[in-house]
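K.L.:
Residue numbers (the numbering used here), protein chains in the order written: chain P, 1 to 381; chain U, 1001 to 1466.
Source of the hints: derived by calculation from the structure; they are not laboratory data.
Treat the numbers as computed from the prediction; the structure is a model and nothing was measured.
Glycine included, every Cβ here is placed at the ideal spot set by N, Cα and C.
Do not take every clue at face value.
Selected chain P positions facing chain U (in silico; Cβ < 7 Å) [what the hints assert, rightly or not]:
#1 237
#2 284
#3 288
#4 290
#5 309
#6 325
#7 327
Simulated restraints on C-beta separations [unchecked claim]:
#8 302/P - 1448/U: 53 to 63 Å
#9 71/P - 1400/U: 28 to 38 Å
#10 1436/U - 60/P: 45 to 55 Å
#11 367/P - 1233/U: 24 to 34 Å
#12 1213/U - 305/P: 18 to 28 Å
#13 1254/U - 211/P: 51 to 61 Å
#14 1042/U - 215/P: 48 to 58 Å
#15 68/P - 1402/U: 27 to 37 Å
#16 1389/U - 285/P: 30 to 40 Å
#17 1448/U - 215/P: 21 to 31 Å
#18 1093/U - 64/P: 51 to 61 Å
#19 194/P - 1249/U: 41 to 51 Å
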Amino acid sequence: MSVERSPDAIVIGGGLIGSSVAYHLARAGVRTLLIEQGDLASGASGANFGNVQVEDAEFGLSLELTLRSYARFASLGDELNYEVGYRRTGNLLLIENQQQWALMQQRAARLQAAGVRAALLDRDETCRLEPGLAPETIIGALYNPEEGTLDPFKLVHAYALRGRDAGLELWTHTRVTGIQVRGGRVIGVTTARGPVSAQWVILAAGAWSHALGRTAGVELPVEWVHGEALITEVLPTTARNAMTTAAFFEATEGAEEQSVGFCLRQRPRGNVMLGEAARVTRRLGRESTPAALPAVAAEARRWLPALRRAAVIRSWAIPVAFVPDSRPLLGPVDGVAGLLVATGLKSTIILTPVVGELVAGMVTGATQDPRLAEFSPTRTL
Amino acid sequence: MPDVIANHLQVELAIVGAGPAGLAAAAEASDLGVPVTLIDLFPRPGGQYFKPTPAELDGESGAHLSPLLDRLSQADMRVISDTAVWGIFPEGEGYLLCLYGPVGTPRRLLARKVILAPGAHDRPVPFPGWTLPGVITAGAALTLVKHQRLLPGRRFLLSGTGPLQLVLARHLLDAGGEVAAVLDANPFPWRGWRHARAAWGQWERLGEGWAAWRSLRKADALLRWGHVVRRAEGEGQVEQAIIGPVDGGTDEAVAVDRIAVDTICLGHGLAPSVQLARQAGCEHRYDPDQRAYLPVRDESLQSTLPGLFVVGDGAGIGGKDVAQWEGRLAALAAAAQLTRSVAADRIAAVRRELARQRRFAAVLIDLFPASAHLGDLLTDDTVLCRCEEITVGEIRRVVAEGAETLNAVRMVTRAGMGRCQGRMCGGPVSELLARELGQPVEALGQVTPRPPVVPVPLEGLLEEEA
């Protein structure tokens, strides 16, 4: 990038959110540079199960945005003129005990009130939908037939590709070493390729956002887990729906011990993804650990006994960002004009289109919704 | 003596792989009083070089293949056969090895020192039609005909490079097969005379090559240098091969021949099996001569991880003699780290012999390099990644759309994400990408193998048997 022609906006992080923000900015005519430390989608965006999920959204504004974003998926492939692999599959939140049943009952009612076709199923109904499930493990499920899946790598690739068509500049394998602030205003970033000035900086770096925020003097309330999952060889139809244990909704955040929350998604080709072991950490590592793999395997076998002989071909591990109050960090940073944050989304894929549009609108002035203040990255938790 | 603490078997020295390198390492360590635990993927030790013929076909023990195999019955050697090591993790001052084998096999093993001797696999070289039934690797063909006494076809075409092709041709002929042609991608080794000094004394191996050559002449097989199979054709099965010069253009621009065969054996040499060493975290660098990533090692063959050694073909193709002397050298260093006293003159003697063997191995690499021109033959509809069925055209498309690294191509196309985890297609995809981008392979980044580095049943990952 030539020095005499600086970008108007710099997006840090080439994952789902960063690529969507960059695409929407470029489409709006903003000169934009997207900087990614590795390959596109090489952080948590490439390590998820590709679920386009509604059922687990936080109520209130999060759910409203989730539903607004969901409406865009059916035509997303056309909008981007790229096959991103979107299809509807259905989703099950698996219920194991009465406490979870009560939580899911409340959730079903509130989702239905918002217009979601969520339904509470008993054990028999659940096992009819997914005959592979161990009946003795579950008492029911919260079901939404309209949820789906896509290929997150292809979505990020498509946003970058179409963003470039609109003038987006992309630097991969380039580390941002700091966000530069002068007189309470962002003035640019320093990178491994030298400094770049810009009026706007959008931080969308997931777990890496915390350290980058500090370079601008901001302590963002983003934390992360070391998340680990694995994938089997191609199997015959094992599960049509995505599945997640409802235990996620009763889990206490911040456990230092490793915990395993069962989740499953069968890819279109037939490989089954199984997760997830998680441990809260302050390290940013990607190593698979010898304790996590057997823990995920044991949990998967408990839910779907037929998987016990399925060949596992790979595992992965990545820092996955979360915010302790389960609401995203989305919007301007108080005290640093021109610095925006977009990270810590609970269910990232489904929010990707609308968050990209909203954040781009914060730069162009098109986003004018005072309710978004509840997602302020500098709020007190 | 092995000891079980916290469900983990604890040992001083674990050796992974019971081919020439692993066996020699085990013998040397044992000579120095280090008890050895040898883990091998196959039901019987020996690796590919000392592969015993099944007892029901042969009746012999297989010990005649190498005296090293006799050593395994010693009290201080424990052999864990038919067992995969699917991950290695640093643990305390040693390493945790994750194992999966038959009932009763320990699942975890803590080793203070580790010698990896994983060997190599056939280098896959895709060309149009290579996924047709009837196209097999030279290594697979040799195993079938030599060890299983099975002839994998009737009329054969061999395409590849190096003396192993001649050995295979001779076995096929002896078993009653018809060898229509042997093609070597490299020119006739005129330059061989320059290597006369290095080859001096290697009479057994030179004699083997000469005998194979003579049987082929007698059988009237077509022998062509600088030629390869350019395309395979047939209805659901190889029926004919289109052969021509390796560095030519289109079929019209060069003289091509059609040969009716039912089996094509591809022998483009070997690729080191580096998955376990890479998963463990050993640093690897690209070696343009071997066209492979190889572990970085110090002079005692220790990797960049302390106490973890990599030896034999898995650290760079050198053949069974280089492998054995490397195994011995690493065992001496591991024994010294385990505070055994090691005689300086033994180390010097092993180093000398290793240097001599490496000189001869270098000759073969110089005369029969993996050909750089094979990528010219690929068409957009050639499948490159067989597990995920990804074609050359799909990879070219994402490169045109901006993908610039091996990892980026892999993520968007899923090439290399299937059952083999890139063991087969990783090299060809890198080389295609390098050609498309006009960059050296080493500029495209690496993909680190993740555990399990071999497919393991879900229950096999558990620390205890179910």
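K.L.:
The structure should be examined with respect to each hint, and the outcome stated for every one.
P.N.:
Hint by hint, here is what the structure shows:
1. 237: 17 Å, violated
2. 284: Hint violated; residue 284/P Cβ to chain U Cβ min 16 Å, cut 7 Å.
3. 288: 5 Å, holds
4. 290: Since the shortest Cβ distance to chain U is 5 Å, the answer is holds.
5. 309: Interface hint status for residue 309/P: holds (5 Å vs cutoff 7 Å).
6. 325: 32 Å, violated
7. 327: 30 Å, violated
8. 302/P - 1448/U: 53 to 63 Å: 30 Å, violated
9. 71/P - 1400/U: 28 to 38 Å: Because 32 Å falls inside the window, the suggested range holds.
10. 1436/U - 60/P: 45 to 55 Å: With a Cβ separation near 49 Å, residue 1436/U and residue 60/P satisfy 45 to 55 Å, so the hint holds.
11. 367/P - 1233/U: 24 to 34 Å: Because 60 Å falls outside the window, the suggested range is violated.
12. 1213/U - 305/P: 18 to 28 Å: Roughly 58 Å apart at Cβ, these two residues miss the hinted range, so it is violated.
13. 1254/U - 211/P: 51 to 61 Å: 58 Å, holds
14. 1042/U - 215/P: 48 to 58 Å: With Cβ atoms ~54 Å apart, the hint holds.
15. 68/P - 1402/U: 27 to 37 Å: 30 Å, holds
16. 1389/U - 285/P: 30 to 40 Å: For residue 1389/U and residue 285/P the Cβ distance comes to about 33 Å; the hint holds.
17. 1448/U - 215/P: 21 to 31 Å: Once the Cβ atoms are compared, 28 Å apart, the range 21 to 31 Å for residue 215/P and residue 1448/U holds.
18. 1093/U - 64/P: 51 to 61 Å: 55 Å, holds
19. 194/P - 1249/U: 41 to 51 Å: 44 Å, holds
In this structure, the hints that do not hold are numbers 1, 2, 6, 7, 8, 11, 12, in rising order.
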